[in-house]
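Q: Here are the chains, one letter per residue:
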Amino acid sequence: MPYKNVLQVKSLNKSFINIKAVDNISFSLEEGDIFAFLGPNGAGKTTTLRILLDIIKADSGSIRWGLNGKESLLPPADQIGYLPEERGLYLDVPIIRSLVYLASIRGMQPSQAKTTAMEWLEKLGLADRAKEKLQVLSKGNQQKIQFVAAILHKPAFAILDEPFSGLDPLNQEIFIDYIKELNQQGTTVLLSSHQMSLVEKIAKKLFLIDNGRELFNSTITDIYKSFGSQHILEIKFASQIPYDQLQRLGNTESISTEESQQVKLILRPGTALNEVLKKLAGIEGLTHIQSHNPNLHDIFINLVRMQKS
Amino acid sequence: MNYYKQVIAVTLWEYRRFFKLKNELLAIVIMLLIFTLSYFGGKYAASLASAKVHLAVLEDSDSQLIDMLSKAFDVEVIAPEHKEKYLEQIIDSNNRLLLMQDGEGFKLYARKKSGKLDELQHVLDGYNRIKTMRKIELSAENLALVLKPAPLEEVYSYERGSRGRTILAYFFAGLMILAVILSFAYQFTAITGEKQLKITEQIVSAIKPQVWMDGKILGITITGLSSMFIYSFIGILAGLLYFQFSDRPITDVTQYLHLPSILLYIPFTLMGIMLWNALLAAIAAVITDPNNSGKSSLMLLPVLFVGASFLVLNDPDTGLSVFLSWFPLTSATAMPVRWLVTDVVWWNLIASFAVLAGTFYWLRKLAAKIFRVSVLISGKEPTWAEVIKLTREA
Numbered sequence: 374m375p376y377k378n379v380l381q382v383k384s385l386n387k388s389f390i391n392i393k394a395v396d397n398i399s400f401s402l403e404e405g406d407i408f409a410f411l412g413p414n415g416a417g418k419t420t421t422l423r424i425l426l427d428i429i430k431a432d433s434g435s436i437r438w439g440l441n442g443k444e445s446l447l448p449p450a451d452q453i454g455y456l457p458e459e460r461g462l463y464l465d466v467p468i469i470r471s472l473v474y475l476a477s478i479r480g481m482q483p484s485q486a487k488t489t490a491m492e493w494l495e496k497l498g499l500a501d502r503a504k505e506k507l508q509v510l511s512k513g514n515q516q517k518i519q520f521v522a523a524i525l526h527k528p529a530f531a532i533l534d535e536p537f538s539g540l541d542p543l544n545q546e547i548f549i550d551y552i553k554e555l556n557q558q559g560t561t562v563l564l565s566s567h568q569m570s571l572v573e574k575i576a577k578k579l580f581l582i583d584n585g586r587e588l589f590n591s592t593i594t595d596i597y598k599s600f601g602s603q604h605i606l607e608i609k610f611a612s613q614i615p616y617d618q619l620q621r622l623g624n625t626e627s628i629s630t631e632e633s634q635q636v637k638l639i640l641r642p643g644t645a646l647n648e649v650l651k652k653l654a655g656i657e658g659l660t661h662i663q664s665h666n667p668n669l670h671d672i673f674i675n676l677v678r679m680q681k682s
Numbered sequence: 004m005n006y007y008k009q010v011i012a013v014t015l016w017e018y019r020r021f022f023k024l025k026n027e028l029l030a031i032v033i034m035l036l037i038f039t040l041s042y043f044g045g046k047y048a049a050s051l052a053s054a055k056v057h058l059a060v061l062e063d064s065d066s067q068l069i070d071m072l073s074k075a076f077d078v079e080v081i082a083p084e085h086k087e088k089y090l091e092q093i094i095d096s097n098n099r100l101l102l103m104q105d106g107e108g109f110k111l112y113a114r115k116k117s118g119k120l121d122e123l124q125h126v127l128d129g130y131n132r133i134k135t136m137r138k139i140e141l142s143a144e145n146l147a148l149v150l151k152p153a154p155l156e157e158v159y160s161y162e163r164g165s166r167g168r169t170i171l172a173y174f175f176a177g178l179m180i181l182a183v184i185l186s187f188a189y190q191f192t193a194i195t196g197e198k199q200l201k202i203t204e205q206i207v208s209a210i211k212p213q214v215w216m217d218g219k220i221l222g223i224t225i226t227g228l229s230s231m232f233i234y235s236f237i238g239i240l241a242g243l244l245y246f247q248f249s250d251r252p253i254t255d256v257t258q259y260l261h262l263p264s265i266l267l268y269i270p271f272t273l274m275g276i277m278l279w280n281a282l283l284a285a286i287a288a289v290i291t292d293p294n295n296s297g298k299s300s301l302m303l304l305p306v307l308f309v310g311a312s313f314l315v316l317n318d319p320d321t322g323l324s325v326f327l328s329w330f331p332l333t334s335a336t337a338m339p340v341r342w343l344v345t346d347v348v349w350w351n352l353i354a355s356f357a358v359l360a361g362t363f364y365w366l367r368k369l370a371a372k373i374f375r376v377s378v379l380i381s382g383k384e385p386t387w388a389e390v391i392k393l394t395r396e397a
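Just so you know, the protein sequences line up as chains A and B, in that order.
The opening residue of the first sequence carries number 374 in the numbering used here; numbering runs sequentially from there.
The opening residue of the second sequence carries number 4 in the numbering used here; numbering runs sequentially from there.
No lab work stands behind these hints: they were computed from the structure.
There may be inaccurate statements among the hints.
Claimed, not checked - Now the in silico label distances, taken between C-beta atoms and shown as ranges:
1) B:Asn97 to A:Asp465: 24 to 32 Å
2) B:Ile33 to A:Glu444: 55 to 63 Å
3) A:Glu444 to B:Trp350: 29 to 37 Å
4) A:Glu505 to B:Ile233: 27 to 35 Å
5) B:Trp365 to A:Asp432: 23 to 31 Å
6) B:Leu200 to A:Ile549: 51 to 59 Å
7) A:Pro483 to B:Leu28: 24 to 32 Å
8) A:Glu505 to B:Leu244: 40 to 48 Å
9) B:Trp365 to A:Ser570: 48 to 56 Å
10) B:Leu200 to A:Thr592: 34 to 42 Å
11) A:Lys393 to B:Ile33: 43 to 51 Å
12) A:Lys377 to B:Leu28: 43 to 51 Å
Just so you know, even glycine gets a beta-carbon here, dropped at the ideal spot from N, CA and C.
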């Protein structure tokens, strides 16, 4: 079965007074994707998502939706789920009522919404608290309810803006499972985050963005193929870092200080690791050395540096 | 999902969120308690105040004065040598007075000023009038002739505007103010509360700002009307009970019920309430923090404008009255009032209503537009100039 684009974004631009928030970006999602929109805070992720949802208008560019076989220029609200970065729910209303209302304004029948909401609450272990007000739940449970509110109407496309923010590590893992499950049930997922290590666990494709501009747009496999073969060395010294000697090693793309006695070397692609290790062995005061390939975080930092230089 | 289904969903949500029958009944019970306490408390205070004050006069006072004073005071005539002793008693008593006739005037001794002194002044004025009439030899009959008003027979060709209908006008305007004031609190919570709870972004990703705003306006209007109907219903029940236990005929009230006026008032009042709700919603959409916003005071505008529409009752045919009956912020009450008390041609009623409805239509659009541009503004509250600029750009 051929893949088809459910969202196609071309040459999107948006400026606010004197800030270029989104700078000529293009990307597309196919049905069944988990597409990660990655970048630091203020990179333009949330602005892009708000444009996609028609909450704010783009200055230029085009957006084309193709959900459930129907083409449209505006987002079909009943087929889209949205978990905003700034999230909240009615604190003074019973949980079940809030969930049913939010699903019903997206087109779900209230009776069906109630049944599905109860199924989700059952799964979350919160079924017995359905009639309680949200304000009595813990923050972690409130976040779970907010997630359910965003996807209760079984959307064909879910936009999750910073879904892991404010969650403890345990709940982060739980949310990763929820997103995987959602995707397995047929929902295409566009998630935006600055927590790259978490996104790496679920995304199939990614779009790296910084200062509103595209840094990289392809699959996770591709990014590692392109930038993941370099060696990164984490080195600790007993006393001061001998920067002069490290510079003389050659083959280094960057040297950055991690702590007062710890340094991180990124070797140029194709550099033979054993040659560098031999040279390092001759430097006095070296106490610890660890080699690894770059993770997504390292690649992103490197790409930002490359773009600036 | 179409516009109407979504508006109904938001309307019902707002209504169910804010209209709580239990709270309404509790408010009525508290109101009845306050009414009962003030009624019996007032009666008790009046019974205390009606106790006659002890007033002493000297033996040589005019007997006619003593007679007149005796009707309002517990008068004691004392000998001049007991005056000092009586004055000593006054120092410790609020209930004792000493009045001395001093030539043409009087001198009063009391512990402190009280309401009883006004009554005393009234008696002394009467006594003085009689004394002066006696001096100029004017009989009571002649005085009555002098003070008799000029005979004037009033014949009107236009006989509407009876007292009953004026009262009906006040009743409907009162209900409108009540509904708008009740809605005011809900509107604030509904709009600024949602912004503070950060729910708005989730909502506007699902429905258009216009749907959201229309649902809010309708939901809050129905909530205000429900409260208004409950209060009216309780008022009617109380009225029926009153007539059941008093000798007054029920026609004392039913004479005010004039069907054509009621039929005219209902659409004007409903549209007026919706117009005010749309305006209040537009104001609330700009406010980010209701506790610290200077714009919150604008929410009291309805009372000012609805109050101003009553200027029409003084003289319904002046330029100001005509203006108020067309100006959308006052016409909901001013036009029906003018219709009651002066001659207004039928098409004026229709045209004024059309202007009112048109303004409501425009205000709800404006409110949605303001909401759309202000929903993403957090932190510093935008100024009106910024709101106008952003609204034009949207």
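Q: For each hint, tell me whether it holds in the structure or not.
A: Structure-based check of all given hints:
1. B:Asn97 to A:Asp465: 24 to 32 Å: Distance hint for asparagine 97 of chain B, aspartate 465 of chain A is violated at roughly 53 Å.
2. B:Ile33 to A:Glu444: 55 to 63 Å: Cβ of isoleucine 33 of chain B to Cβ of glutamate 444 of chain A: about 59 Å, so the range 55 to 63 Å holds.
3. A:Glu444 to B:Trp350: 29 to 37 Å: The hinted range 29 to 37 Å is violated for glutamate 444 of chain A and tryptophan 350 of chain B, with Cβ atoms some 50 Å apart.
4. A:Glu505 to B:Ile233: 27 to 35 Å: holds (29 Å)
5. B:Trp365 to A:Asp432: 23 to 31 Å: holds (28 Å)
6. B:Leu200 to A:Ile549: 51 to 59 Å: violated (27 Å)
7. A:Pro483 to B:Leu28: 24 to 32 Å: With a Cβ separation near 27 Å, proline 483 of chain A and leucine 28 of chain B satisfy 24 to 32 Å, so the hint holds.
8. A:Glu505 to B:Leu244: 40 to 48 Å: Given about 42 Å between the Cβ atoms, the range holds.
9. B:Trp365 to A:Ser570: 48 to 56 Å: holds (52 Å)
10. B:Leu200 to A:Thr592: 34 to 42 Å: Roughly 38 Å apart at Cβ, these two residues keep to the hinted range, so it holds.
11. A:Lys393 to B:Ile33: 43 to 51 Å: For isoleucine 33 of chain B against lysine 393 of chain A, whose Cβ atoms are near 58 Å apart, the range 43 to 51 Å is violated.
12. A:Lys377 to B:Leu28: 43 to 51 Å: Given about 58 Å between the Cβ atoms, the range is violated.
Checked against the numbered hints given earlier, this structure breaks hints 1, 3, 6, 11 and 12; the rest are met.
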